[in-house]
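Chemist: Below, each chain spelled out in residue letters.
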Amino acid sequence: MTGTRIDRRFAKTKAENRPAFVSFVMAGDPDEATADAILAGLPSAGADIIELGMPFSDPMADGVAIQLAGQRALAAGMSLRKTIDTVARFRRNDDETPIVLMGYYNPIYIYGVEKFLADAVAAGVDGLIVVDLPAEEDEELCLPALAAGLNFIRLTTPTTDNKRLATVLKNTSGFVYYVSMTGITGAEIKNRTAVGEAVSRIKGHTNLPVAVGFGIKTPEDAALIGRGADGVVVGSALVSAVADSLVDGKPQPGTAEAVHSCVRKLAEGAKRARS
Amino acid sequence: MNKRAANSLRQGPDERGKFGIFGGRFVAETLMPLILDLEKAYRSAQKDPAFLSEMNDLRTHFAGRPSPLYYAERLSAELGGARIYFKREDLNHTGSHKLNNCLGQILLARRMGKTRIIAETGAGQHGVATATVCARFGLPCTVFMGATDVARQMPNVLRMKMLGAEVRPVTAGAGTLKDAMNEALRDWVTNVESTYYLIGTAAGPHPYPEMVRDFQKVIGEEIREQIMELEGRLPDALVACIGGGSNAIGTFHDFLDEPNVQIIGAEAGGHGLDVENGHAASMTGGRPGVLHGNRTYLLQNEDGQILEGHSISAGLDYPGVGPEHAWLRDTGRVTYVPVTDKEALDAFMACTKFEGIIPALESAHGLAHVMKIAPQMKSDKVIVLCLSGRGDKDVESVGKHLGMAL
Ligand SMILES: Cc1ncc(COP(=O)(O)O)c(C=O)c1O
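Those sequence lines, one after another, are chains A and B.
Per our numbering: the first sequence = residues 54 to 328.
Per our numbering: the second sequence = residues 1409 to 1814.
Source of the hints: derived by calculation from the structure; they are not laboratory data.
Fair warning: there could be bad hints in the mix.
[Unchecked claim] Which bits of chain B does chain A cover? Going by a derived footprint, with three or more residues having C-beta under 8 Å, they are:
1) 1435-1444
2) 1472-1482
3) 1585-1595
4) 1692-1700
5) 1767-1779
Just so you know, even glycine gets a beta-carbon here, dropped at the ideal spot from N, CA and C.
Generate the whole structure from the sequences, applying the supplied hints.
Modeler: Structure, rendered in structure tokens:
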């Protein structure tokens, strides 16, 4: 098999004629041990790809649910170093499921780009999504990450027109992440038809798989969006499941299962997309 | 004569919005096309005589420019050293330098066909200036303000509301300026088609730092003319306070290539630089990082998480600073110094008592540094302080700090 874990996973879901189900959870939320349990159970619950949030104090593109998840993680002592360690622990038992780290640039910049890339690769990270690094800043992290063998997944949005798409796609690899709306994570998708049209438009410009995220909260949404998209991403709904399971801010025995049950339902929805 | 030499310090930023390693465009893709549009619109406005003449007309008749350069005679005598001048930005309409920037940006927003304005504010001065230009041009305005700041700057909240703006208190984080800016960015990403984000300081993604500087540099240009008239020479020292750095870069920029003018920025030293998270001196107590669209000096921990910062002055407790200052610091051209809450309070009272001018607490930080250096300078030396705003908004909180009964 060639390519990265991400390439292989999309080849598999394509062969099965279904969209990949991409689950976003926040590293270290609500604490390290519970987050490990959540992460370990994601693949069997139906996650084809895992996006692991790198908590940041100032998540400008995130809505309240993911903001709070990051705050819980930071309050429990999470850091970028520990996020990378989390991936390494996950990899001991799972060498197949792709892991994409998602977050903002400053913690990586402070960690040191070279060291970060080396440590991430060693831990078994497959790709990066860094929200505040547009194509104009490719030299910061994107090009070094590609050189280190990681996929660099870029966001395209409703404001990315065809002309700009070429710029955005140029150094994108793994998959293209289409943001379903102009907005922050957790907001409502207003026009589902427009999402489908945008996905077809992007597919006209690239052979990479196109996954759609932001605003997908129900199995019905996953089924609908997954008809045309190669992947559906769910985040806010999962971190909200973490939040809802807490009692006095503390994780409960059922916390990991609450997330997994949410993933099962959504992944089922995605599986139905083309049947 | 005015030609910029090849080694001029006034040529930044480069075409990618960088001042050395600082600045840049670190924004989400949703905003990127808009930021490129904004730059295009600004480039065309910059050389459009109609744009410039409308701005000049508003500066004269709406803002009340030029602002006076005032010789602070009693304070100079009291300190017994250099002659101290105040650039009276406090006398602008709305009471601070913030209007200079808002006038430029509102005209640009109109040119771009935007129908809604958003802004962040700390002390409320930028919020008031934004609400003012929105009232003047009939555009709806939403101002994001940290909940903590809403409480400590109530008079400005009322002014904004009377001017027709919606004030949205932000409870995230410590409820101060950085949180207000995050929330404004979230709104902008959501309403990107209709909305113009009127950033209040010389920070944020390119082209904001350059644009805000250009709209503020009238301060320094007027100082040059006025001090030549009053003293027949350039000042020996220029001092301004630093929040995000807009009044300071506006004051400094025209003098960057004048080697005999010493330039000093006063940062918020809060409780002191040795108090963890007790100050907002990003250049004297922080290190380079990336936040709010640009690389600059930031208050942050070893994991790259941004700290809240503290200052008695709501307009200075921002954990970052405009990228041009970060670069001027590293080149050594400008010196940045911390001023504590206590020193600022003392300067606030000195200005009030000796000059009959109640300064903004922000401006009092600059004055505190002037009060340190003036006595060490000879009486033929000249210092110009940018008195960036008036202190009406601060009288209640200063009264409380000084234990004055109402
Ligand atoms: C009077 C006054 N001066 C200074 C500042 C700090 O901003 P800047 O550093 O952008 O001039 C503020 C900000 O609110 C202000 O109100």
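Chemist: Confirm or reject the coverage of the stretch 1472-1482 of chain B by chain A under the rule of 3 or more residues with a beta carbon closer than 8 Å to the chain's beta carbons.
Modeler: violated (count 0)
Chemist: How does the stretch 1585-1595 of chain B fare against chain A when you require at least three residues with a CB closer than 8 Å, holds or violated?
Modeler: holds (count 4)
Chemist: Closer than 8 Å, Cβ to Cβ, for at least three residues: run that test on the stretch 1692-1700 of chain B against chain A and report holds or violated.
Modeler: With 4 residues closer than 8 Å to chain A, the stretch 1692-1700 of chain B meets the three-residue bar; holds.
Chemist: Against chain A, does the stretch 1767-1779 of chain B show at least 3 residues with beta-carbon separation below 8 Å?
Modeler: Coverage by chain A is violated here, the residue count being 0 at a Cβ distance below 8 Å.
Chemist: Can you confirm whether chain A covers the stretch 1435-1444 of chain B, using C-beta to C-beta distances below 8 Å and requiring at least three such residues?
Modeler: Three-residue rule met by the stretch 1435-1444 of chain B, so holds; n is 8.
Violated hints for the displayed structure, listed by number in ascending order: 2, 5.
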